[in-house]
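A.B. asks: With the hints as your guide, set chains B, C and D with the ligands onto chain A.
Residue numbers (my numbering), protein chains in the order written: chain A, 1 to 325; chain B, 326 to 650; chain C, 651 to 992; chain D, 993 to 1334.
Hints were generated in silico from the structure; no laboratory data involved.
A portion of the hints provided could be inaccurate.
Pairwise CB distance ranges, derived in the manner of DEER restraints [said to hold, decoys possible]:
no.	chain 1	residue 1	chain 2	residue 2	range
1	B	647	C	718	48 to 58 Å
2	A	308	D	1294	51 to 61 Å
3	A	221	B	528	31 to 41 Å
4	B	644	A	305	53 to 63 Å
5	A	203	D	1056	35 to 45 Å
6	A	291	D	1333	51 to 61 Å
7	A	302	D	1294	51 to 61 Å
8	C	987	B	643	30 to 40 Å
9	B	643	D	1333	18 to 28 Å
10	C	717	D	1052	42 to 52 Å
11	C	741	A	203	27 to 37 Å
12	D	1235	B	647	48 to 58 Å
13	D	1031	A	261	42 to 52 Å
14	A	317	B	381	54 to 64 Å
Virtual Cβ for every residue (Gly too), placed ideally from N, Cα, C.
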Amino acid sequence: MKADELLAAYEQMALVRRTERAAHDLFMSGLVKGTTHLAAGHEAIAVGASAALRPDDYVFATYRGHHHALARGATPEECLAELMSRATGLCGAKGGSMHLTKAASGMLGSYAIVGAHLPMAAGAAWSARLRGTDQIAVAFFGDGATNIGAFHEALNLAAVWKLPVLFVCENNLYMEYTPIADVTAVPRPAADRAAAYGVEGQVVDGNDVVLVREAVARLADRARAGYGPGLLEAETYRHFGHSRADPATYRPAEEVERWLKHDPLDLARGRLRALGVPAEAVDEADARVAEAVAAAVEAARNAPAPDPREALTDVWADGGAAWRT
Amino acid sequence: MKADELLAAYEQMALVRRTERAAHDLFMSGLVKGTTHLAAGHEAIAVGASAALRPDDYVFATYRGHHHALARGATPEECLAELMSRATGLCGAKGGSMHLTKAASGMLGSYAIVGAHLPMAAGAAWSARLRGTDQIAVAFFGDGATNIGAFHEALNLAAVWKLPVLFVCENNLYMEYTPIADVTAVPRPAADRAAAYGVEGQVVDGNDVVLVREAVARLADRARAGYGPGLLEAETYRHFGHSRADPATYRPAEEVERWLKHDPLDLARGRLRALGVPAEAVDEADARVAEAVAAAVEAARNAPAPDPREALTDVWADGGAAWRT
Amino acid sequence: MADMTTATPGAPAGAAAARVITYREAVAEGIAREMRRDPTVVCLGEDIGAAGGVFKTTVGLLKEFGPERVWDTPISEQAIVGAAMGAAMTGMRPVAEIMFSDFLACCWDYLANEIPKVRYMTGGQVTVPLVVRTANGGGLGFGAQHSQATENWAFTVPGLKIAAPATPADVIGMMAAAIRSDDPVVFYEHKGLFAAKGPPAPPGHVVELGRAAVLREGADVTLVALASMVPVALAAAERLAAEDIDAEVIDLRCLVPLDTTTVLASLARTSRLVTVEENPYQGGWGATLVSVVADEGFGLLDAPLRRVAGECVPLPFADALEERVIPTVDKVVAKVRDLATY
Amino acid sequence: MADMTTATPGAPAGAAAARVITYREAVAEGIAREMRRDPTVVCLGEDIGAAGGVFKTTVGLLKEFGPERVWDTPISEQAIVGAAMGAAMTGMRPVAEIMFSDFLACCWDYLANEIPKVRYMTGGQVTVPLVVRTANGGGLGFGAQHSQATENWAFTVPGLKIAAPATPADVIGMMAAAIRSDDPVVFYEHKGLFAAKGPPAPPGHVVELGRAAVLREGADVTLVALASMVPVALAAAERLAAEDIDAEVIDLRCLVPLDTTTVLASLARTSRLVTVEENPYQGGWGATLVSVVADEGFGLLDAPLRRVAGECVPLPFADALEERVIPTVDKVVAKVRDLATY
Ligand SMILES: Cc1ncc(C[n+]2csc(CCOP(=O)(O)OP(=O)(O)O)c2C)c(N)n1
Ligand SMILES: Cc1ncc(C[n+]2csc(CCOP(=O)(O)OP(=O)(O)O)c2C)c(N)n1
Ligand SMILES: [Mg+2]
Ligand SMILES: [Mg+2]
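Next up, chain A with everything else stripped away, as it sits in the complex (with noise of 0.2 Å):
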């Protein structure tokens, strides 16, 4: 990545964080209802694929997807109202936290049951295909998800249709709250079942987003192509617990640390400082996006909450919900 990318990307990455931290806020004073999945920790992994995709690729995430849609082009205000049960949130507030959803810039949902979009990433590269166009697909899940059935039939498919999908696992060493590792056959949850799907099995360092940027490029690549799906496996650490208000006192002190010191933004600045942009540009970055998201938090309270009308809106494509005459 040449120093101008770094540091937009570095922005972005920052701008997750911030979100993630305001959203953690708003939550513990009580203005996010529900549950939230906060992605602090694997900003890279977002932040560093979308650089390596085309506006018009599709993204599949999870109920951790906030880093997506905010990487594919989402506001911190839409996120945030959205969260805050605002009717200007990206879901007019019925998706809330862990469905945010940009169909119009192909971040096609979050999804909450844990592999159910893999198929579905599979479904809209083979759609890209049918259709002619090079776009790709790509569906990001946590390492837990790999060891459910849709995993297996989602790569299967994949690798014998030769889709233009890319499954990328962000293995954050835990489920919720129990290790991968002791639910999980194989050390590499994700890369070390690629063989069984005629597919190359790589891991990356998910904090760097220059290593993530790259092994996605090149996967990308291949996959547009005609080379079929890629997978690959990023490591990454959540900096919160699993949702809420989890505290995650399961994960060992030494482990936290470690990992808390191979920070996905640290490491980006450091990369920045290798190619010598001036630290007052990051600096001047942290405070754009620290502005921005104040004003997100701002503009998000003041938006106003949904009418309860619209409780019985969007289920059919022609606006309703009238399941009888």
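C.D. replies: For chains B, C and D with the ligands alone, coordinates are given in the frame of chain A:
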């Protein structure tokens, strides 16, 4: 296998073959309703595996399960009576061809949803371990089942929990009418997936009862000793079509010919010859089998139909079917 | 259950001499018509290509449309329906086959949690114009895991349209409507009707989803049926006519949208209603219909509302047992006769 | 939906001073009591061990019973329930947790096609004494895929017993009955009730499955509710009392066996019936109950049968929207008031 063991195995295989032939003829003459999935050609897998198992081990089979029922001690009469909708059938004519079960001898059922019984077998193995017995469980399934999610989940769970369970794939090269190679990402649908669960993948000539017995015995010993699950891919071929009256015209003639020349009964006969077993001994076995199956057909034919009132029994453990007060 | 495979409900009088088409052929014809019209329609499923489907309901499609539009899949129900969903969200109109409707259980997450909800939970950002076709129902001795009438599973989930035609012409017309629908449709083809014959559908035939058909007018009691129970209800009506009980027979055709208007209008004429359902009594669609009627049509009622439904047991294998479980003409006649004297 | 998390339906008068237990604690307590009694009872599920379950409903079990009886699983719903089934067939009494009831869709084949059918289709050769526990229902802003009341999915399938307690004591008593049952039981624990408090259950407390509880007697109308709708119905009854409408409130407690005897007996006193269901109207259990009543209790009726049920939409995230979808005290009161003047 010693000569007498092999002769016994041969006779069992011949019994399966004859019973399947009878089932086919009865179906064609309208005496078997619904459907059948005959296992002629697959005999060595059931018989070889059974020879390696203990009577108190558990077997779970598919809709193509007549050979497993017979190998585990169900009589041809019980099986054919079930197929012919008789009250004396294994399941009282409630199950039919696809659901042959003989729980009393550890044949815990034939399941007609592809792949569904793999987790069950894992569960039976888990139960054996919890109860402190050294029983094992075996699930037999087709090549087509390796692409369904339950396969993946069962293998992973069994490996993580080191369960005493064997997964034995009867690879007959086809799903119903579609070659397995057309829809599977790897050449060996089962064995090439083994590494994804940290288990050893092994391929065996599924038509050679001696080799099957050996392979299963080795995996069974390992499993019983606490080393966890085994995965075995047994190559075989079906002599009839997939089900009912399927003429199996989708299979190339040379392929059919090649496999018919590699017949489990012929192979066993050759081995018996090599062991010095006199031809008459084999002929006598054949004769016993012919007589037994003819008698079974006759007995099943003459057995009574089930009492229609039986339709409303056996839902609940109290024997009844009441869903409301 | 011979009546299931040979009856031709709704055949216009005098059509006997015209060309007839089987229900089974109508499936392939219905799909083919839409594939000709619209290049975004593609099919996928197990053994649907070269083999023409295990029920021979996709015969000819591979030949006419080629392997880029007719896809054989692995035994991966989740991948089939999940991929169909992803394709539907991105510009295609996939028609996915799930071989037996019992196997919907293997991809139920997509039918219950994904397909019917994604439009709503994204605030209307995406649509999912897909059809999941499946062979439904019993009466053929296929046993507990290949015989269920599972339309009620789908009926518990808002966001799915549910079609279940009873005649070849309706298969074609409703298939057209289903494939053209921008909403997801679960399309139940009844195994017991595949061999049934009926008049072919005229070119361009479309049967709007959610319109019940009054197949027989009557003054004394309304019978409401679906799919294979339609010929059963019609046969019962004939027998009842001989006893001077004049039954109106309604083929619901769809569960969602549910045409309660037609049912309530009929009730206004007959004051008595009996549903005829293949599915188990517990959780059957007839219950929901009855609950609408017991509320909104209460004032019209002259007698209890009755349901002839399957027994609450799994489907047994043997004919003698299966007939005890699934509604038959005899059972319908007995229930209606009893009601008429209320 | 504060009423859902704090109400204590069925608390005997004067119990306020006694020790109370939360519904959440009652789950763990109910399981622990059976594990102490019977060494064949084992638990499995995601995060149920060290973490004590994501709803903290299995807290303490790992500590008391150790890892050979409390098993953390991968995210593999099919393996969880499938393995439980295999274990149940071979001498164990597994208690499997499916974290949210929506995820039952991921292992639906086991609930729909395997567990409820294997006894029947083997002619009674095997039994499947297992419990599948799951957190059910909405009202907490968890959105479309984590909020459904899915007991009706199970209700469409004969062969499953269905329990859905509304109070901590019932959780314990029904858990005992469920685990001791030789039949498979789907045990719905309501998320909206986890924080609810109530009197603890006495030692050895067992509540037979299939017995509804009349929680409030009344002469004018019968309200039939389940799980989180029980406190809603009770609150509505209080409000209606102020308007001189005397409502009887029945907590069904189970869907299978369905206690229609208690309901019909109540109807004989009140002549009016309203169901209160969290689930969508289409396919809800109330429909089946109404269809029994509209048939067998027709002669007792003085007014239409009514159902207060969820709207037929997925569950939305925002409170303001979710309240529009799920029945509330206001909606129940309005519906009953209207009926009382019929
Ligand atoms: C099918 C299914 N089972 C269980 C859950 C509950 N659940 C939500 S997130 C989660 C852990 C997922 O772990 P992982 O895939 O590693 O993703 P992460 O949360 O670590 O990003 C679980 C078990 C679910 N949402 N869907
Ligand atoms: C989940 C599911 N999908 C589809 C089917 C229909 N079906 C029955 S047998 C079969 C082919 C199975 O092939 P394989 O596993 O190779 O076993 P074989 O029949 O060759 O012994 C299919 C697709 C089914 N029974 N279950
Ligand atoms: Mg994780
Ligand atoms: Mg095969």
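A.B. asks: Determine for every hint whether it applies to the structure shown.
C.D. replies: Hint check results:
1. 647/B to 718/C: 48 to 58 Å: Hint holds: Cβ distance 54 Å, inside 48 to 58 Å.
2. 308/A to 1294/D: 51 to 61 Å: violated, 34 Å
3. 221/A to 528/B: 31 to 41 Å: holds, 35 Å
4. 644/B to 305/A: 53 to 63 Å: For residue 644/B and residue 305/A the Cβ distance comes to about 56 Å; the hint holds.
5. 203/A to 1056/D: 35 to 45 Å: holds, 40 Å
6. 291/A to 1333/D: 51 to 61 Å: Holds, since residue 291/A and residue 1333/D (Cβ atoms, about 60 Å apart) stay within the stated range.
7. 302/A to 1294/D: 51 to 61 Å: For residue 302/A and residue 1294/D the Cβ distance comes to about 52 Å; the hint holds.
8. 987/C to 643/B: 30 to 40 Å: holds, 33 Å
9. 643/B to 1333/D: 18 to 28 Å: violated, 45 Å
10. 717/C to 1052/D: 42 to 52 Å: violated, 58 Å
11. 741/C to 203/A: 27 to 37 Å: Roughly 34 Å apart at Cβ, these two residues keep to the hinted range, so it holds.
12. 1235/D to 647/B: 48 to 58 Å: This hint is violated: roughly 39 Å between Cβ atoms.
13. 1031/D to 261/A: 42 to 52 Å: holds, 47 Å
14. 317/A to 381/B: 54 to 64 Å: Because 58 Å falls inside the window, the suggested range holds.
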